[in-house]
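Student: Sequence:
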Amino acid sequence: MTWERTRPPHPYDFMPRRPEFTVTTTAGRDGDPMPLPQKAAGIGGADSSPALTWRGAPPETQSFAISCFDIDAPTPSGVWHWIVTDIPAETDALSENAAALPDLGVGAHTLRNDLGNETYDGAAPPEGDHPHRYLFTVHALAVPRLEIPPSASAAVATFIIGANTIARAHTTLVA
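Counting the sequence shown from 1 gives a position; our numbering is that position plus 43.
Take these hints with a grain of salt, some might be off.
[As the list claims (entries may be wrong)] Computed beta-carbon distance windows for the label pairs:
no.	residue 1	residue 2	range
1	Pro174	Pro131	30 to 38 Å
2	Pro174	Glu133	18 to 26 Å
3	Arg61	Ser120	19 to 27 Å
FYI, nobody ran anything at the bench for these hints, they're computed from the structure. Don't be surprised by glycine CBs; every beta carbon is placed ideally from N, CA and C.
Given the sequences, and given the hints that come with them, work out the whole structure.
Tutor: See below:
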């Protein structure tokens, strides 16, 4: 028997449908190669979160959350590289490397990612593996703050984010 790895589908295809708005990054257009600063320091990058700007969120948005998910990580559940909550509703952008700032400069909370860190951990697909898609999602939320315990796993945190999402915006960088 031969084992062949297939590319996982887009994770939000299996979630309840939500209206979409727009997110862009100076790190590239949707589907572009990920710039070196957004890759992991261990492979020559800088673990620098990309600049993100979003437009068109619903007027009833009370806050935002941001996540970065490696769809193609060689695990049954992918890998969450970054999870941020409680971004004020009036915020429409984060600067490059905002993850290195206390509260991202806007009063937000960074949660523990799958690598065990409360920050953005850059892309680092296993050597020799196929290209990985890193999905950056801005979630428009129906609540001003999420009460997610600091000890929550990334899966629990993203479940709570999903339960409060009223619209989403995505962009993907490839490493």
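Student: Any hints this thing doesn't respect? Which numbers, in order?
Tutor: Failing hint: just 2.
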